[in-house]
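The primary structure of each chain is shown beneath.
Protein chains: 2
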Amino acid sequence: MIFTQAIQRNSLLYKDNIATCIGGNKKTWRELEQRVAKLANALISSGIKPGDRVAILALNSDRYLEYYYAVAWAGAVMVPLNIRWSVKENLFAVNDSGTKALFIDDQFLSIGKSLQQLSENVEISIYMGDKPTPASMLNYEELINKHAAIEPFNSDENDLIGIFYTGGTTGFPKGVMLSHKNIWTSSFSILQELKLSNRETPVMLCAGPMFHLAAAAMCWSSVIGSVQVSILPMFKAEEVLECIQRDEVTDMLLVPTMISMLLAEGGFKDYDLSSLDQIIYGASPMPEGTLLEAMELMPKVKFCQAYGQTEMSPICAILPAKYHTLTGENAGKIRSAGRQSFINQIAIKDEKGNSLGINEVGEICAKGPNIMMGYWNNPEQTQAAIKNGWLHSGDAGYMDDDGFIFLVDRVKDMIVSGGENVFSAEVESAISKFPGVHEVAVIGIPSEQWGEAVHAIVRTKPNTRCDEIEIIQFCREYIAGYKVPRSIEFREEPFPITGAAKIQKNVLRKSYWKNQERNIN
Amino acid sequence: MIFTQAIQRNSLLYKDNIATCIGGNKKTWRELEQRVAKLANALISSGIKPGDRVAILALNSDRYLEYYYAVAWAGAVMVPLNIRWSVKENLFAVNDSGTKALFIDDQFLSIGKSLQQLSENVEISIYMGDKPTPASMLNYEELINKHAAIEPFNSDENDLIGIFYTGGTTGFPKGVMLSHKNIWTSSFSILQELKLSNRETPVMLCAGPMFHLAAAAMCWSSVIGSVQVSILPMFKAEEVLECIQRDEVTDMLLVPTMISMLLAEGGFKDYDLSSLDQIIYGASPMPEGTLLEAMELMPKVKFCQAYGQTEMSPICAILPAKYHTLTGENAGKIRSAGRQSFINQIAIKDEKGNSLGINEVGEICAKGPNIMMGYWNNPEQTQAAIKNGWLHSGDAGYMDDDGFIFLVDRVKDMIVSGGENVFSAEVESAISKFPGVHEVAVIGIPSEQWGEAVHAIVRTKPNTRCDEIEIIQFCREYIAGYKVPRSIEFREEPFPITGAAKIQKNVLRKSYWKNQERNIN
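Each protein sequence line maps, in turn, to chains A and B. For the first sequence, this note's numbering gives the first residue as 1, with consecutive numbering after it. For the second sequence, this note's numbering gives the first residue as 1, with consecutive numbering after it.
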């Protein structure tokens, strides 16, 4: 299956239905197809050839969604840049991928130096905003207006469709190569798992950053299911609530920190959220306290967890709504990341690649048509990640007798204290239940006695004070003694986060380790 | 994706749920997986190697479903034989495919000569019944009991998984080669289109013959969706009604003649059919009169049409329930065969392969991952059928502005009368509305004046008489003069039908044409 086929199908079958909506501005499937087919022609006329890389650095918009499809329509390769990365990191991605053209919007145009630096490294710059077009740049709408619609390039389903850079924060960004087949099979499976298109008039809210596979895949699944995509330029709790009310949103994907922010939004109860049917969450571990609070505040909303990573296009497991319960036969599964999707096999493997048994902790590995082609220009990392067809996720976890997988940590965030493995996520989950705790990150810090000691960094709710001793005593009720933090630090400033809103534990660890090397990875 | 993965997934995720049910005898997914994995081992131990062909000649049963998966589990190739074919035709299939092993049940064992002839042509014969095992045959249950469960063969998704013989009635049986990918993508798409697994406790009734792709694909979709399959040995109207009531069937696939038989069943209203949610129909054109009668009798049941053929694994278009209406904005679509599925592109092409415009009649062509690999040992027919990736269906039809395709006839059943194309299906649809008409077949017969003349063969309802002149006058209200039958013949004996319950028009035509050749194909 080819990525662009869904657009052609919707234009034929659902022509006048709404495809995209941003700030009340709507476009139909027929309009979307025409704009994509014209923009593809403009790219080709500007010198873009099949296989050429075309990057984008922009906030979310309907034009961002058109970009995905126009690049593929032209037979080229999309390279969505991380909006939270430094110029230096994005320059690495642009140069590493050999990007030829760059789409950029007002937000990033205003960072004069960054624009200049990025533009110098590409042949074609396309301005996506509505202000006067800067010199030496092409204008997005003009390109569409000046070109005729063309037929899509005749891609093969195994052709590269995009390079998605991940892991920039570790200093080693890797370009995940995905094919038409990777993205199509994954998005179609997600449509079936999440039952998006079963509602009468489904509307997907895209509030997460569209450069990231989590948000992108939700857009692509929605397009396959001809589900309207409502788009916010970026996540703002109040705007999310406004948009749900205005566009009658039925489904949305949020990462755990976004759910925290939504719950913290003062005006939460002033909005009519009755259209909202499902919140899909994922992309980083969900603290149980936050999830329970969200479920209590929105009792009619189904919560569904999606687990995976960019390398999996991006999902390999789903935890459906019915397992979000604390009672009955399904109790306990809420702590799971779910079970293998329709298209994936999941295995827990040891360091030698042997499959482990029920409840044994090892590395979570996945196999299926959604597993990436490899890392761009990086055969060593590709070989380290994919062995015998199994993608090694870097996540440590186990599988129970019913096939549910439970994450215990990132392999490299696991703390080895006194010879015992301590999983930071488990400790965080315990601390998050303590009244007054807003956010928590647990890391291993150097300890002469234990090798590593468990250390927690806590942010409290506004105008709330927590006591270190009380939290430690509280933890003893939930977790074994060796897992209880040896020390707790309180801080007011936000945690450093990645573009995908994950807490950057390597940054938090830095000041403790300085010149010392951690033993794990 | 590999065909057998769904069985492994269900065994892990839904272990104690019911997989199959026949005559009240139930097996769980875990049992099914174990039996399949043991039977595969038995096949391998008996000398079956990856790629070897393994045929079956049997009525429907849970063992038939196990056969599909065990053959694939062993890496071998299934060859389901047509239960309505003559021994000679099935011998052709066995020899043409180079079949090494044959599964056979009591029904076909009793045809002594056929068994002997078939058995002589294969190395291994496996008896599927529960009576004493004939000499020189292996016993199905013994094979399972004597062998340990093994892991499935590591197939590639592009490997051949089955050869399905079609067109035997024309004297030129062709073996349709399907891959794991063909069957998996098609079955998964069907699951999504038909929303089988969305119900609380879905149960699929398999009443059509399991050698045929229509019934087989419904079984495979059900397995992917972990939907219970209830199986009848063969279609009998009364048993269908009993089974719906007993097993609380929610979905079933029937071909049009089966729906006619169901409606004609005297005890129809004595059964509790309240569980029944959806009837999927297809495999041959549905006379509008029959459909409307069925919709009236079962007002709460959703009717959904699936259109395709074995070469499409087997579906390329779906007409969802909401278009089964005579009023409102969707009126008129009920006469359509539906719109392209999620995984297919459909085009109407002329004889030169050019795409035709809206409402122009040509050959219906389809493209997608479900299109067969080709015909076994038959590169000429493969090239004639698949041109530039487009499968030519042999069906004549057109597409309307909304993407709905309308079948007008088989290309070879079209009647050319006085230089005008007459589509037999259209004439049949008109006649089927005449009160008292049970079944009708329209064919072209030789005419000195018109080249071909439109001729109708009618079977009336029990104890009903129809008048030739009245039917002809009735037709004038619905169809143009040149399409109205010149002659009508009444007959009592059933129409000759294919294994897929399609009327064999070539047989009906035979006595009229004798030594004359028809110009069309």
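Keep in mind that the hints are not guaranteed to be accurate.
Quick list of in silico lysine-lysine cross-link-like pairs, PhoX-like style, CA-CA up to 20 Å [to be verified]:
#1 A/236 / A/502
#2 A/15 / B/131
#3 B/15 / A/333
#4 B/502 / B/412
#5 B/15 / A/322
#6 A/236 / A/269
#7 A/15 / B/333
#8 B/333 / B/322
#9 B/26 / B/49
Pair by pair, the computed Cβ-Cβ distance ranges are [as the list claims (entries may be wrong)]:
#10 A/513 / B/154: 51 to 61 Å
#11 B/296 / A/130: 52 to 62 Å
#12 A/266 / B/357: 53 to 63 Å
#13 B/156 / A/384: 17 to 27 Å
#14 A/401 / B/23: 44 to 54 Å
Every beta carbon over 12 Å from chain B, so not counted as near; a handful from chain A, in silico [what the hints assert, rightly or not]:
#15 26
#16 88
#17 153
#18 188
#19 198
#20 295
#21 352
#22 399
#23 412
#24 426
#25 434
#26 511
Quick caveat, the hints were computed from the structure, so don't treat them as lab data. Cβ atoms here follow ideal geometry from the backbone N, Cα and C, with glycine treated the same way.
Now the hints, each set against the structure:
1. A/236 / A/502: With Cα atoms ~17 Å apart, residue 236 of chain A and residue 502 of chain A stay inside 20 Å; holds.
2. A/15 / B/131: 60 Å, violated
3. B/15 / A/333: At roughly 17 Å apart (the allowed maximum being 20 Å), residue 333 of chain A and residue 15 of chain B satisfy the hint.
4. B/502 / B/412: 15 Å, holds
5. B/15 / A/322: Distance ~18 Å between residue 15 of chain B and residue 322 of chain A Cα, so the pair holds.
6. A/236 / A/269: 16 Å, holds
7. A/15 / B/333: Answer holds: residue 15 of chain A to residue 333 of chain B is near 17 Å, not above 20 Å.
8. B/333 / B/322: Status holds; Cα separation ~10 Å.
9. B/26 / B/49: 31 Å, violated
10. A/513 / B/154: 51 to 61 Å: Check failed, 44 Å falls outside 51 to 61 Å.
11. B/296 / A/130: 52 to 62 Å: Since the Cβ atoms of residue 296 of chain B and residue 130 of chain A sit about 57 Å apart, the hinted range of 52 to 62 Å holds.
12. A/266 / B/357: 53 to 63 Å: 58 Å, holds
13. B/156 / A/384: 17 to 27 Å: 24 Å, holds
14. A/401 / B/23: 44 to 54 Å: Violated, since residue 401 of chain A and residue 23 of chain B (Cβ atoms, about 32 Å apart) do not stay within the stated range.
15. 26: 21 Å, holds
16. 88: Nearest chain B Cβ is 41 Å from residue 88 of chain A, so the label holds.
17. 153: For residue 153 of chain A, whose nearest Cβ neighbour in chain B is about 15 Å away, the distance exceeds 12 Å, so it holds.
18. 188: It is violated; residue 188 of chain A is separated from chain B by about 7 Å at its closest Cβ, not greater than 12 Å.
19. 198: 6 Å, violated
20. 295: 22 Å, holds
21. 352: Answer for residue 352 of chain A: holds, closest chain B Cβ roughly 19 Å.
22. 399: 9 Å, violated
23. 412: Non-interface label on residue 412 of chain A holds, nearest chain B Cβ at 29 Å vs cutoff 12 Å.
24. 426: Check passes; 25 Å lies beyond 12 Å.
25. 434: 35 Å, holds
26. 511: Holds, because the least Cβ-Cβ distance between residue 511 of chain A and chain B comes to about 44 Å, which exceeds 12 Å.
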